[in-house]
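Residues 1 to 138 (the numbering used here) are what the sequence shown spells out, left to right.
For the record, the hints were derived by calculation from the structure and aren't laboratory data. In this text, all values refer to a predicted model and were calculated from it rather than measured experimentally. Cβ atoms here follow ideal geometry from the backbone N, Cα and C, with glycine treated the same way. Mixed in with the good hints there might be a few duds.
If you anchor each label on the Cβ, the simulated ranges turn out as follows [as the list claims (entries may be wrong)]:
no., residue 1, residue 2, range
1, Glu-11, Gly-58, 39 to 45 angstroms
2, Asp-75, Ala-32, 22 to 28 angstroms
3, Asp-4, Ala-54, 21 to 27 angstroms
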Amino acid sequence: MAIDEVWQLHERIEARTGIDWQTLYLPVFALAAFSALWLLPELRRTLHALPLFAIGAGCWAVAQVVEQLQWDRDDRMAAAWTIVPEECLEMTGSLLFLLAFLAVVRTIARGGAPTTGTATGSNSDGIDGSVRGGAQTL
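Working from the sequences, and respecting the hints, build out all of it.
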């Protein structure tokens with residue numbers, strides 16, 4: 001996604017073909033959706049990964065709707081003020097995808113055990129060896 005944004009690939013493809021880039025990218029979107037469904041069990045095993053991923057997907061979905069509203073039927077910019085919010089939503093969505101991915105990688109690096117716990121943290125041993133919720137320190 002970052003390469004596409006930096007090199008403006010979807011804009012160039014749309015200009016050359018005359019077909020809306022969102023239509024051209026439907027196979028990519030379908031592959032991403034299939035991949036997300038395939039990864040869902042792993043995302044559910046990792047605390048915070050699923051909400052981060054879901055909110056990221058929501059940001060991207062809203063950004064695509066906003067982008068559709070930017071243009072009129074003659075492909076002229078109709079709402080230029082929406083460019084910044086649309087791009088911010090895309091960047092935020094991508095960042096949330098990255099954070100979800102890193103949360104899963106962290107879980108795998110720690111032995112693949114699911115992360116459990118409350119909103120304030122896990123109930124596992126702390127980094128310093130202390131047991132949370134108790135006064136015992138090793």
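How the hints compare with the structure:
no., hint, verdict
1, Glu-11 x Gly-58: 39 to 45 angstroms, "violated, 24 angstroms"
2, Asp-75 x Ala-32: 22 to 28 angstroms, "holds, 26 angstroms"
3, Asp-4 x Ala-54: 21 to 27 angstroms, "holds, 22 angstroms"
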